[in-house]
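Note that the protein sequences, when read in sequence, are chains A and B. Under our numbering, the residues of the first sequence are numbered 14 to 422, in order. Under our numbering, the residues of the second sequence are numbered 14 to 422, in order.
Any given hint might turn out to be false.
Claimed, not checked - On the chain A side, residues computed to face chain B include the following (Cβ under 8 Å):
#, residue
1, Q73
2, V127
3, L409
To be verified - Chain A regions said to be covered by chain B (calculated; three or more residues, Cβ under 8 Å):
#, segment
4, 97-106
5, 369-383
No lab work stands behind these hints: they were computed from the structure. Source: prediction; values computed, not measured. We put the CB at the ideal spot given by N, CA and C, even for glycine.
There are 2 protein chains.
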Amino acid sequence: MFVSEQIHTDVKMIENGSIADVKGFYTTGVHCGLKKNKLDLGLIYCDRPAEAAGVFTMNQIQAAPLRLTKQALNHSGQLQAVIVNSGNANAVTGKQGEADAKEMQQLLAEKLNVCDELVAVSSTGVIGEKLQMNKVRAGINALSIHTKPFAFAEAILTTDTATKEICVELIIDEQIVRIAGVAKGSGMIHPNMATMLGFLATDATIQAPALQQLLGEVTDQTFNRITVDGDCSTNDMVLALASKAVDHHVLSEQHPQWETFKYAFQLCATSLAKMIARDGEGATKLIEVNVSGAASDEEAGQVAKTIVGSDLVKTAVFGKDANWGRIIGAIGYSGCTIAPDKIDIAIGPYSTLVESEPCETNDAAITAYMTEEETIVFTLHLHIGDGIGKAWGCDLSYDYVRINAGYRT
Amino acid sequence: MFVSEQIHTDVKMIENGSIADVKGFYTTGVHCGLKKNKLDLGLIYCDRPAEAAGVFTMNQIQAAPLRLTKQALNHSGQLQAVIVNSGNANAVTGKQGEADAKEMQQLLAEKLNVCDELVAVSSTGVIGEKLQMNKVRAGINALSIHTKPFAFAEAILTTDTATKEICVELIIDEQIVRIAGVAKGSGMIHPNMATMLGFLATDATIQAPALQQLLGEVTDQTFNRITVDGDCSTNDMVLALASKAVDHHVLSEQHPQWETFKYAFQLCATSLAKMIARDGEGATKLIEVNVSGAASDEEAGQVAKTIVGSDLVKTAVFGKDANWGRIIGAIGYSGCTIAPDKIDIAIGPYSTLVESEPCETNDAAITAYMTEEETIVFTLHLHIGDGIGKAWGCDLSYDYVRINAGYRT
Chain A
14 MFVSEQIHTD
24 VKMIENGSIA
34 DVKGFYTTGV
44 HCGLKKNKLD
54 LGLIYCDRPA
64 EAAGVFTMNQ
74 IQAAPLRLTK
84 QALNHSGQLQ
94 AVIVNSGNAN
104 AVTGKQGEAD
114 AKEMQQLLAE
124 KLNVCDELVA
134 VSSTGVIGEK
144 LQMNKVRAGI
154 NALSIHTKPF
164 AFAEAILTTD
174 TATKEICVEL
184 IIDEQIVRIA
194 GVAKGSGMIH
204 PNMATMLGFL
214 ATDATIQAPA
224 LQQLLGEVTD
234 QTFNRITVDG
244 DCSTNDMVLA
254 LASKAVDHHV
264 LSEQHPQWET
274 FKYAFQLCAT
284 SLAKMIARDG
294 EGATKLIEVN
304 VSGAASDEEA
314 GQVAKTIVGS
324 DLVKTAVFGK
334 DANWGRIIGA
344 IGYSGCTIAP
354 DKIDIAIGPY
364 STLVESEPCE
374 TNDAAITAYM
384 TEEETIVFTL
394 HLHIGDGIGK
404 AWGCDLSYDY
414 VRINAGYRT
Chain B
14 MFVSEQIHTD
24 VKMIENGSIA
34 DVKGFYTTGV
44 HCGLKKNKLD
54 LGLIYCDRPA
64 EAAGVFTMNQ
74 IQAAPLRLTK
84 QALNHSGQLQ
94 AVIVNSGNAN
104 AVTGKQGEAD
114 AKEMQQLLAE
124 KLNVCDELVA
134 VSSTGVIGEK
144 LQMNKVRAGI
154 NALSIHTKPF
164 AFAEAILTTD
174 TATKEICVEL
184 IIDEQIVRIA
194 GVAKGSGMIH
204 PNMATMLGFL
214 ATDATIQAPA
224 LQQLLGEVTD
234 QTFNRITVDG
244 DCSTNDMVLA
254 LASKAVDHHV
264 LSEQHPQWET
274 FKYAFQLCAT
284 SLAKMIARDG
294 EGATKLIEVN
304 VSGAASDEEA
314 GQVAKTIVGS
324 DLVKTAVFGK
334 DANWGRIIGA
344 IGYSGCTIAP
354 DKIDIAIGPY
364 STLVESEPCE
374 TNDAAITAYM
384 TEEETIVFTL
394 HLHIGDGIGK
404 AWGCDLSYDY
414 VRINAGYRT
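Produce the complete structure using the sequences and hints provided.
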């Protein structure tokens with residue numbers, strides 16, 4: 014079910030690559046004034062209508078731009094442009110918010126000379142404040158796809174500390190195909206409560222339904238594995254666009270190289286998801302939880318997500334404390350099938366619990382591991398079935414509190 | 014469904030009252046050395062077998078003392094003593110942990126000259142470390158029911174900053190009856206992930222099945238309303254004991270004063286639950302969420318619990334930030350029926366959202382309210398049905414991180 018951690022020999026990583034390195038795609042960004050100094054308005058443009066797919070927040074409260082983008086996507090399964098603003102989520106902004114999202118779509122469609130329905134709109138930032146449309150209008154006017162391709166990745170950020178991009182290359186039917194992605198951080202302790210945005214683009218030839226199916230499956234194993242179930246923001250979305258600029262046999266499950274393409278696509282999503290988790294607000298560590306022996310892959314993922322969602326586990330990692338009791342506590346309330354007497358837990362290479370009996374541990378060695386490593390790995394075996402699953406999170410630090418106690422000020 | 018906030022005229026609060034003020038009951042505590050300096054071993058004793066009821070953690074990983082106490086309770090529905098240690102949860106301690114819990118029960122039963130099955134054992138503290146039984150044995154030996162009644166409330170604490178006790182008095186069939194309770198804090202941001210212990214005692218005459226029914230109902234509205242669903246520790250328990258020392262018609266739903274008794278019992282539980290929430294680790298404020306207009310009382314409670322469980326809401330309260338966007342975000346992922354366009358939210362006396370349209374708010378006034386008040390109240394109307402519900406929590410501060418990053422050290 015999972016892509017192996019080591020890169021497939023057929024898939025090549027493009028260093029410093031981005032969506033702008035994928036045939037047919039252009040990206041750019043400007044500062045329009047929604048944020049004080051930083052870039053805050055970005056554009057992805059495709060030189061033709063791209064096959065498109067999307068996954069959206071499960072939150073019942075959905076921002077106006079997100080609802081509009083869903084409609085656009087449903088119209089024809091194609092998109093040609095994505096406009097994203099940061100600094101304001103345009104969520105819970107009533108009828109004015111709907112009108113503002115629509116105006117953003119229309120203005121961009123006019124500027125690019127495409128139908129409204131080919132334009133997706135995405136917003137991230139504070140909930141409940143009206144968009145300053147004079148600034149957005151001027152910003153849209155200032156966007157130029159011929160300059161500053163790297164500005165897009167920066168323009169979509171909120172409290173993220175770094176841009177998040179990836180680009181890979183592979184061969185399909187002897188043609189070079191690229192897949193690239195860009196994301197903004199959930200910047201959150203329960204990641205999806207703040208807005209997570211992800212955009213994937215490929216020049217491969219694939220139809221919207223196959224792309225949608227692929228995006229759904231891959232999101233479940235990647236972007237949805239950095240969140241606690243149901244903790245999604247009003248604005249979360251991941252869009253995938255395919256320009257079909259490379260001419261090969263149409264990709265589908267029947268294509269002999271489907272698995273390689275899927276692997277490469279999932280690699281992009283996994284990499285972005287891990288970058289998001291690592292850049293959680295105030296985070297000092299990436300936490301990776303690997304569960305095996307669960308009743309099903311789904312339950313394995315659920316157990317892993319429960320652990321990375323536990324504030325007690327997160328603070329223990331921040332404190333470099335080998336407190337595996339908090340891990341087993343979280344397993345117990347995960348709602349999954351377990352045998353309480355058969356659980357194995359390891360922190361990094363160190364076993365701390367075997368068949369639910371505590372091991373003699375060298376706490377100093379574990380603390381050293383937790384101090385030195387960037388990524389703290391918990392490995393669990395539940396000895397119930399064959400289910401395997403992963404999830405990623407980050408630790409909980411003083412800075413998380415500082416950032417969120419004063420976010421609006 | 015709820016007891017009114019103002020005290021019923023038939024129920025009198027006993028200032029500084031405790032379980033030791035209830036006929037038939039004795040409490041005490043000692044320092045046995047599981048904690049460095051503080052009291053760490055406590056005893057509740059009844060001079061006769063008391064009718065007993067209990068509610069226990071939903072966590073699938075259950076500590077050895079908790080499993081033993083369940084067995085004792087199931088044996089005859091009676092208990093005569095409860096021994097509690099802090100400093101060590103005796104959870105996930107394998108076969109040795111089971112033997113240690115059993116030995117605590119036996120030693121106390123011997124000392125008090127009662128059957129093993131009349132002794133409940135309860136532990137709280139770090140998970141996964143073996144109990145230092147030499148210290149526990151000496152401590153049990155040192156316990157004396159004739160001294161230090163107030164030591165019990167102190168002996169059960171972990172990171173709590175204050176003891177938590179309540180005692181009320183009411184008249185049943187013209188006899189004075191008392192109900193008292195004592196609890197230890199969950200000391201947690203998701204309260205029930207750390208151990209919550211509650212002990213209620215009354216001298217009223219009531220049989221175990223009626224007491225169990227009452228305790229279950231009341232716990233749902235009180236202790237379970239300071240937690241996020243399913244987030245329970247390995248050791249959570251609430252026990253209720255009735256000495257029947259006051260001679261009146263047996264209490265049951267048929268008794269004309271049942272509602273008064275229920276009211277008083279629930280008042281004790283509500284008070285303890287709020288003390289626990291207020292004393293959450295690092296907390297500076299109590300948060301109370303009142304939901305009305307939900308599809309059912311259960312869903313109202315669920316919405317309220319989701320909000321008090323949101324780290325974003327908690328950090329906003331710590332930052333005195335009127336960030337109602339985070340409240341509606343939590344409503345949206347609560348999993349309950351809502352009409353996204355019909356939600357009202359008030360912070361204290363200030364409306365911030367009416368039918369999902371943002372109000373013109375005076376942020377300075379709301380910040381002043383959040384600065385000055387000890388209890389921050391969010392009032393929500395969902396305009397879906399008649400369901401009402403409450404939940405309590407606390408804010409998330411730097412101190413929460415400090416305490417939990419270094420809990421074991």
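Hint check:
1. Q73: 5 Å, holds
2. V127: 30 Å, violated
3. L409: 6 Å, holds
4. 97-106: That given contact holds, which follows from 4 residues of the segment 97-106 of chain A lying within Cβ reach (below 8 Å) of chain B.
5. 369-383: With 3 residues closer than 8 Å to chain B, the segment 369-383 of chain A meets the three-residue bar; holds.
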